[in-house]
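Number of protein chains: 2
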Amino acid sequence: MDFHGGNIYKIFRERKIKNILDYSSNINPFGIPENLKKLILENLETLEKYPDPDYFELRKKIAKKNGVHLENIILGNGATEIIFLITKVLNPKKVLIAAPTFGEYERAVKSLQDDIAIQYFKLEEKENFKFNQKKFEMEMEKNYDLVIICNPNNPTGKFLQRDEMEKILEKCNKKNTKLLVDEAFIEFVENWKEKTIAQTKIDKKNLFIIRAFTKFFAIPGLRLGYGIFFDKEDIFKVNAKKEPWSVNSLAEIAGTYVIDDLEYIKKTENWIQLEKKYMFEQLSKIKELEVFETEVNFILAKIKKGMNSKKLQEKMLEHGILIRDASNFIFLNKNFFRLAIKDRRNNDFVLEKLSLIFSFEKK
Amino acid sequence: MDFHGGNIYKIFRERKIKNILDYSSNINPFGIPENLKKLILENLETLEKYPDPDYFELRKKIAKKNGVHLENIILGNGATEIIFLITKVLNPKKVLIAAPTFGEYERAVKSLQDDIAIQYFKLEEKENFKFNQKKFEMEMEKNYDLVIICNPNNPTGKFLQRDEMEKILEKCNKKNTKLLVDEAFIEFVENWKEKTIAQTKIDKKNLFIIRAFTKFFAIPGLRLGYGIFFDKEDIFKVNAKKEPWSVNSLAEIAGTYVIDDLEYIKKTENWIQLEKKYMFEQLSKIKELEVFETEVNFILAKIKKGMNSKKLQEKMLEHGILIRDASNFIFLNKNFFRLAIKDRRNNDFVLEKLSLIFSFEKK
Chain R
1 MDFHGGNIYK IFRERKIKNI LDYSSNINPF GIPENLKKLI LENLETLEKY
51 PDPDYFELRK KIAKKNGVHL ENIILGNGAT EIIFLITKVL NPKKVLIAAP
101 TFGEYERAVK SLQDDIAIQY FKLEEKENFK FNQKKFEMEM EKNYDLVIIC
151 NPNNPTGKFL QRDEMEKILE KCNKKNTKLL VDEAFIEFVE NWKEKTIAQT
201 KIDKKNLFII RAFTKFFAIP GLRLGYGIFF DKEDIFKVNA KKEPWSVNSL
251 AEIAGTYVID DLEYIKKTEN WIQLEKKYMF EQLSKIKELE VFETEVNFIL
301 AKIKKGMNSK KLQEKMLEHG ILIRDASNFI FLNKNFFRLA IKDRRNNDFV
351 LEKLSLIFSF EKK
Chain S
364 MDFHGGNIYK IFRERKIKNI LDYSSNINPF GIPENLKKLI LENLETLEKY
414 PDPDYFELRK KIAKKNGVHL ENIILGNGAT EIIFLITKVL NPKKVLIAAP
464 TFGEYERAVK SLQDDIAIQY FKLEEKENFK FNQKKFEMEM EKNYDLVIIC
514 NPNNPTGKFL QRDEMEKILE KCNKKNTKLL VDEAFIEFVE NWKEKTIAQT
564 KIDKKNLFII RAFTKFFAIP GLRLGYGIFF DKEDIFKVNA KKEPWSVNSL
614 AEIAGTYVID DLEYIKKTEN WIQLEKKYMF EQLSKIKELE VFETEVNFIL
664 AKIKKGMNSK KLQEKMLEHG ILIRDASNFI FLNKNFFRLA IKDRRNNDFV
714 LEKLSLIFSF EKK
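Protein chains in written order, with this note's numbering: chain R, 1 to 363; chain S, 364 to 726.
Derived from the structure by calculation, the hints contain no laboratory data.
Only a predicted model underlies this, so the values are computations on that prediction, with no experimental measurement involved.
All C-beta atoms, glycine included, are put in the ideal place defined by N, C-alpha and C.
Among these hints, one or two may not hold up.
[As the list claims (entries may be wrong)] Derived pair list, reagent style EDC-like, types lysine to aspartate or glutamate, alpha-carbon separation capped at 16 Å: (1) LYS604/S x ASP114/R; (2) LYS241/R x GLU469/S; (3) LYS678/S x ASP623/S; (4) LYS37/R x GLU281/R.
[Claimed, not checked] Selected chain R positions facing chain S (Cβ under 7 Å, derived; list incomplete): (5) ASN7; (6) SER25; (7) LYS37; (8) LEU41; (9) ASN43; (10) THR46; (11) PRO51; (12) SER111; (13) ASP114; (14) ALA218; (15) ASN248; (16) SER249.
Isolated chain R, as found in the complex (with noise of 0.2 Å):
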C-alpha cells in the first residue's frame, strides 16, 4: 500500500538504505515515554492473555478525562479502526467529506458499498482552507447522510472553534444529519480542552467523535485510538458489529499510563506551541514557498516556482530527508508538501536544506 505519503519502508527497500528523518509522518519527537518502556518490559507476560474484551481500566479513564461515561466510549486499533466501524454502523448512502483531508474517510465509505455517493465540501485555498459556513448552510440542502470533517485538519493544519464545529453540528441536527469530527490531532491544540464539541452542550446524538493516542504519545507502532459517540442506539449498535480484542494488551496498558503523564503532556504542549510558530517563521522565509499556518505538529506548503513537490521530496531524500509530497490530497495539487515539526536541531537541518534546494535552483 502506498497511498500514505511516507511509506518509509518501500523506501528503504527500493533504495536499499537503512535510515531516514522522517517528516512525513507527524509524531511527537519526545518519542515513546520513557516510563512506558519500563512499563511494557514489566508486563510482558500480559500478552499471554487474551485483552480484556470490554478493555474496562482504560475504558473508565478516557471517559474521567472527557467527562462522560464508559458506555460512550470505544476504544479501536488506531483511529482508523473507529472511522472503518463508525462508516459500518452508520451505512450511509450519501456523503460530505470537508476536504483536502486524511484519505481514510473515502477508503472507508467506499469499502462499504459500490453505490455510496461521496460529494466533496471543498475548503478553498483562496480562502487559506479556512471552512466556509455560509456554503456549508447551502450544501446541506442536498440532504446527506454523514457529514465527516478532520478537525484540525490534515493536511491543512487549520482548526475549526468550538462555536464554529457548533454551527455544524446545530445545521447537521437540523437535518438529521450524522456528524464524523477526528480530532486525532487536537490535543496539540492549545487549550484544546475548552475547544473540542465533545464539551458542546448541544444535543450530541448525531456527533461521533475519534481520537487517537498514536500522534501524540509517539506510539503509533502500537495502534491505539478512540470512539466518544453519545446515541444509546448507535452504541449498542457498534458494540455489535465490532471485532473483538481488536486492541492490544500492551497498547492498552501504555494507554492507562500515558493518559496521566502529565509530565509529557506539558513538556508536549510547550514545545509544540514554540515550534510551530517558528517553522511558519522560518519556512515564511523562503520565498519560493507560500506556507499555510497551522495549530498543530504538521505544516502545509506550496511551491510558487522552481520545481513540483515531487521532485523537492526527490531532492531531499538526497540529504536523507523525507517529506510528504501532498499531491495526492483532493484538492491539492503536484506544488504541495506538508512537514512534519520536531525538535529544533531536526527542525533547522530540515530548513536549512531546505534553503539550500532553493537557493541552489536560483543560480
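For this one, chain R is given, so just place chain S on it according to the hints.
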C-alpha cells in the same frame, strides 16, 4: 462483551479476585517464547514509527513457509480481523456455517447487513460431531454464496483430513461457492503441514484459509493472524477494503521471529501429542462425563448427570479454575463444557478437582 466463555477480567471485577487458572482459553502453556521477550525489549523504539503498511518481511516469511507468493498472504489483527475482512469482501447473501463452532463467523456475517441468511450445517453429536459428506452434498444444492468451516473445529476438537476437505472444496467449486476454512488451531494437529487444505492440487480460486499466531505461540495479547487467499480479483478487493496498519509493530516483529523458532515448535508438538491423549484418557475415567476425542489443545465434554456446566463452572471457580461453559455454542446444551489442555501439573490439578466434585456429588 461476554460472548466468548471465559472473560476472566469480568470475573476478576465481579469477584474482586486477581488470579485464576484459566482453562477457558486455549493458549500454549509454554507461554511467550523466551527469546521473543528479549527481541521485544530490543525493539521498543519501533513503536515510534508506523508499521510497514505492506508488512513485507513477515508476509515474505509466511509465504515461503506455506509455499505461496507474497501476494497470497494477508495479515490481520488476530484471525478475527481476517474473518471480518473476508466476509466483508465476499459480501455473501446466503451463508452456511458448520456448527457447533466459534461464534465470530456469525457475528462477522451479521455485522454486514441485516438481511443475510445464515444456515447452520449441523455436526451431529450422535455422529461424534464428524462432518457428514453425504448430507453436505445435499445441503449444497441450496446454492450458498459462502461456506464456513473451522478446521480443526472449536469447540469439538475434530479435524477434517485433507481428502475430506478436498471433497468439500470440489463441491464448492462445482457450485461456485466460496469456502472459508479457519485453520487457527491446525498447528496443534500432528503432521499438519501435509494435512492442510492449503496444499491441495485442486483449483483454489474459491478457497480462503485463516491462520493464527495467537494460540500456538501464546501471544493472544499481541494480536496476529493471517489469511491465505488465492483468487487474484478477491485479493485485490481485500487490499482495497483493508484497514491500514492493523497489525502492530511488535506483532510483526514477533511473527517474523517465532515462525522460525523450531525449538519452541518442536517442544510444543511433542507436548500436545502426549497431553491430548492423557487428558482424553483421564477425563474418560470420570463416569459422569462423556468426553469427545480431540486433535488439538482443548477438549469438549458433556456432563451425563449430577449438574449442568454452569454449576460445574461455579464449583471449579471455588478451586480457582475457570472452565468454558459451552452451553452457548449453537446445537450444544447446558451440559457441555470445554477445557484447555495445558501442562501435566496443571492438568492433573484440574482433573483432581473435577473428580472430587463429581465424587462428592454422588454421595
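Results for each hint:
Of the pairs offered as hints, the one joining LYS604/S and ASP114/R holds, with about 11 Å between alpha carbons and a cut-off of 16 Å not exceeded. For the hint pairing LYS241/R with GLU469/S, the CA-to-CA distance comes to about 11 Å; that is within 16 Å, so the pair holds. With a CA separation close to 41 Å, the supplied pair LYS678/S and ASP623/S exceeds the 16 Å bound. A C-alpha spacing of about 35 Å is found between LYS37/R and GLU281/R, which places the hinted pair above 16 Å, so the restraint is violated.
Restraint check, ASN7/R versus chain S: the minimum CB separation of about 6 Å is within 7 Å; hint holds. Taking 7 Å as the C-beta cut-off, the interface hint given for SER25/R holds, the closest approach to chain S being about 6 Å. Checking LYS37/R against chain S: minimum C-beta separation of about 5 Å stays under 7 Å; hint holds. Because the beta carbon of LEU41/R sits about 6 Å from the nearest beta carbon in chain S, less than 7 Å, this interface hint is met.
Given hint, ASN43/R at the interface with chain S, is violated; its Cβ is 9 Å from that chain's nearest Cβ, farther than 7 Å. Taken as an interface hint, THR46/R checks out: its beta carbon lies about 5 Å from the nearest beta carbon of chain S, inside 7 Å. Interface restraint check for PRO51/R: the shortest CB-CB distance to chain S comes to about 6 Å, inside 7 Å, so the restraint holds. The restraint placing SER111/R at the interface with chain S holds, with a minimum CB-CB distance near 4 Å, inside the 7 Å limit.
The restraint placing ASP114/R at the interface with chain S is violated, with a minimum CB-CB distance near 10 Å, outside the 7 Å limit. Hint on ALA218/R holds. Least Cβ distance to chain S is approximately 5 Å, under the 7 Å limit. A cut of 7 Å between beta carbons decides the hint on ASN248/R: the least distance to chain S is about 5 Å, and the hint holds. Restraint check, SER249/R versus chain S: the minimum CB separation of about 3 Å is within 7 Å; hint holds.
Taken one by one, the earlier hints fail for this structure at numbers 3, 4, 9, 13, listed in ascending order.
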